[in-house]
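We have chain Z already, so just place chain D on it with the hints.
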Amino acid sequence: MSNDTTRATETESGRTPSAASAAVSGILRLLLDLLAVSLWVLLLTLLFLETAWPRWAFYALLVAGVGVYVTVTAAWIRPDEN
Amino acid sequence: MSGRHIEGLVQRLATLRDRLETGMDRREFVRTVASGGFAIGMARWLGVDDFLAADDGEVPIVTALVRDDPDDPWTVRERTRYVPAEWYAAVEKAFEVNRRLARFAFTGYLGSAVIPGDYGSGTATVSVGLSSDGHSVGELLGEFAEGIDIDPETIIDVEEIQDGPEAYEPRFADSLADGSVPSGVACETPSSMATLGPTLYHPDSKQRFFVTADHAFGGDRDSTEDALSLPRPDDDAIELGDVVHYHPVEDVAAVEPNGWLEPASRIDAQSRPRVRGQFTKFGLADLVARDRELEKVGAMTGHTTGEIQGVDAVTCFTDEFCRRGQIRWGGEMDLTDGDSGSVSYHPDPEGEDGDVLVAGFNNARTWWPGQSYVWGVGAYRLTEKHGYHF
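Going line by line, the protein sequences match chains Z and D. Taking UniProt numbering, the leading residue of the first sequence gets 1, the next gets one more, and so forth. Taking UniProt numbering, the leading residue of the second sequence gets 1, the next gets one more, and so forth.
Just chain D, same shape as in the assembly:
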C-alpha cells in the first residue's frame, strides 16, 4: 500500500463518525434490507438450519423420502433426524468396511452386512459370511477396520437348497371395485407365482408400475413371456400388463399397466396401510439403532413381523454376482416360494395413522443352518441405481 493511500484511508476513518451521525438515509436502508434478505436466503439455501438446530455432538441424517401430499407421488421430500455424531461415524465407517469387503470379494466370501449398534453405544458391527475358516478377515482389512467389530460367521452347506413344506394357500386380491390392486396379493407370471408390490413410481417418465420379483419370470425368457396377470379363485386371471424393465441384479421387474387395473400405494393388511414413501440407508440404520421391527405381507405366508438383522448387506449366495444394498430381517419362516416381490415396511413415525414407509423388497431367504433371515434389495438402492421410488 502506498503512503498516500493509507493517508486517505486514515482521513476517511477519522470522519467516519461524523458521517455515521447523520443517520441512515433511505437508500442505505433499502440496501441493508435487500442485502440482509439475500444473506438469509443464501444461508437457508446452504442448509445452515440443519446443523444449527443440532445439539453439540449431533449430526443430521436423511432418514426417509416421503410424499408431502399422500395423493401426489411427485412431491417427495427428504426427512431428517438428529443422531449422535459418534454413532454416525461408526456406522459410516462400517458401511465403508462393508464396501471394501464387497470389492475385494476374496475367496470364501459369501456376503456381509452392517449391524448398527444402539445410539448409546455409538458402535457398529460388520458381519461377514465365510465358506471356510481359511481367512482372517481382521488381518485382511488391517488397520482400516479399527474401531469396528468384525463378526466372522462360517456358513456350511450353502449348496443344498431345501424346499419348505408347501402348505400355504395364496392370498388373492378380493375387491377390485376401485380399479386398483394393493400390494401383498398373488400375481402370476408365465412360469410361476409371486407377490405384487405397491406402486413403483419413476420420476423422470412420471410412470407408475406394477412391480414384482425379476426371478419369478424365470431364467431364460423370450418376449412372449413378459405378461403379468392377477389370478382369481373362481374366475379367469386378469392381465395386469407386460414387463418393460427387468433388473436382475436388484431382482425387480417393472410392469407397465395395460388393462383396466392400476397399481396402488396400499398394502393388503388388516389396518389397510398406505405407502407414503421409503426409508434411506441411514433411515434403516436408525430403525436398527432403535430396535424397530419390519413387517411384510406375502401372498403365501401373509402378514409377518421381524427384527432387522443387517443393512446395506452384500449377498453372494445365489447367482455368479454379488447383490448389494440388501436388507436382512426376520427369519426364514417369514418367506416361501410365492412371497417374492413383497415389500418390507415400517410405520411412518411422523405420518398420519396407517401411513407406512417401505424398507425394501423380500426376495429370498436363508436355507442353511446357523443363520435365519429374509433378504431383498433396499428401496434406497433401487432409487440410487434406477431412479424408482415408492
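Same shape as in the complex, but just chain Z:
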C-alpha cells in the first residue's frame, strides 16, 4: 500500500520523467515483483510443508497467485502512466 503513495509523489514531482528515472523505476518495479513472487513461493512452500496437499495444487496456486498479482498491480500502475 505504501509504495502506492510514493509512486504518486514521484510522478507529481517530475511530470516529464527522463529515460534514466524511467529505467530506475523499471528496475525498482522488477525487484519489487521478484520480492513479492519470492514471498509467495515461500509462503506456499511453508503451507504445503505443513499439509499433505498434492503437487498439482502447489503449482496451480503458484501460477494463479502470480497471475492475480500481476493483474492487480498492473491495474494500479496504469492510470499513473497514462
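Think of the hints as simulated: they come from the structure by calculation, not from any bench.
Computed Cβ-Cβ distance ranges for the label pairs, DEER-style:
hint : chain 1 : residue 1 : chain 2 : residue 2 : range
1    : D       : Val62     : Z       : Leu61     : 24 to 34 Å
2    : D       : Trp74     : Z       : Arg55     : 23 to 33 Å
3    : D       : Pro248    : Z       : Leu32     : 52 to 62 Å
4    : D       : His303    : Z       : Leu61     : 51 to 61 Å
5    : D       : Ser121    : Z       : Arg55     : 28 to 38 Å
6    : D       : Gln11     : Z       : Leu61     : 25 to 35 Å
7    : D       : Phe321    : Z       : Leu46     : 39 to 49 Å
8    : D       : Asp178    : Z       : Leu46     : 50 to 60 Å
9    : Z       : Leu47     : D       : Glu92     : 20 to 30 Å
10   : Z       : Arg55     : D       : Glu320    : 46 to 56 Å
11   : Z       : Trp56     : D       : Glu307    : 38 to 48 Å
12   : D       : Asp291    : Z       : Arg55     : 27 to 37 Å
13   : Z       : Val72     : D       : Gly47     : 26 to 36 Å
Facing chain D, a subset of chain Z residues (Cβ under 10 Å, in silico):
hint : residue
14   : Asp33
15   : Ala36
16   : Val37
17   : Trp40
18   : Val41
19   : Phe58
20   : Val63
21   : Val66
22   : Gly67
23   : Ala74
Note that beta-carbon positions come from the ideal geometry of N, C-alpha and C, so glycine has one too.
Okay, now just chain D, sitting in the frame of chain Z:
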C-alpha cells in the same frame, strides 16, 4: 493509515473491475510469464518437488551418491527415496542416542551401533557393548532415549586376540593388460599384506588414489616405508605408488599412482561389478530396514556375503581412541589378516546390470565370544571427514 489513503484505495478498488475488463496487454503478459517462470524456478531450487511427491507420512532421504556417467567420477548426484516418517524419526533419534553415548564414553563403554527396524515397525535399536554390568545404560541416558530400544551386551575377554588358522592363498591380480588394477586383489606394504580397494576419488584435487588399510603400513613408520606394491605369483612385485595421505582414525591410506598401473572402479569378482558410487548413512539404514546383504571380495577369504548388523557404529576395541561411522556386518569368518582394505558393497538398485555401490571398508573383525561381525569405516564417514568418494 490515513483516511485519505483509504479513500483512494476504495476508489481504486471500485474501478478495478472496469480496468480488468480491458484485458491483459502485452506488457502484463510478459510480466506474468516472467514472474511465473521465476516462481517455478525458485520453487524447484527450494526442492519442493522432494516433499510434494511424498505421500502423507513419508519423508525423502538421500540414500546414495551415484555417478550420472559411470565413466566420469565427477558427475556425482544424490539419490533419494521416500520412507515412512515414523521410521525416519526413530532412526534419527537412535543416531542421536548413539552420538551421545560416544561423547560420554563412560567407563566400561566399548562401543555401540544403531540397528534400524523394518519399515513396518518404525523402530530402531541401539546396541551398546559394555565391559561389565556395572552401569545401566538406560538410567544414564534418562528420558532422552525414550522410544528407542537399548540393547546392552556385556563383552568379555576383549584383551585376547586369537589368530585364525592361516590356510588361505592370496588372490593375485591376473590380467593387467588394460593397465588398471581392480579391487579385491592382494597388495603389499613394506610390513604386511592387505587388500586393494577400488579407486578413491578426491573432488577438490581431481585426483585418483589406490587405497588400502592404514594399519597395513604398521604402527611406527618412516618416509621410506610408504610404498605400496602389487605382488605377483611368478614375477617381481610391481610398484603401485607411495602413500600421500594416512588416515589412522578411519584406517585408510590413500596412495598416489606413480607407475604405469592405475586404480580401477571395478571389483575382482565373477560378475565383474562396476563401482558407481556409495551409500549414505541413511542408505545403509535403508538396506537394514529392507534386510539386504552386503558383499565383499578380500584377497584372502575371497567373495563372501553377510547381513548388516549395525550402522553408524562406534568401536573402541582397538587403539586408545574410538572409531565412529563404522559398519558392522557379516561374521568373523568373513575376514582374516590380509583382507583389510577390501570394501563391502551392494548392487545399485537403479543402476545397470553389474553396477554396485560401496558401503564401506572392512578393516577388522570380532575375536571375542558372543559377537561375530566384521567392521570398518563407512564410505559416507570418509566423505564427511576428508571429502573422498568412490
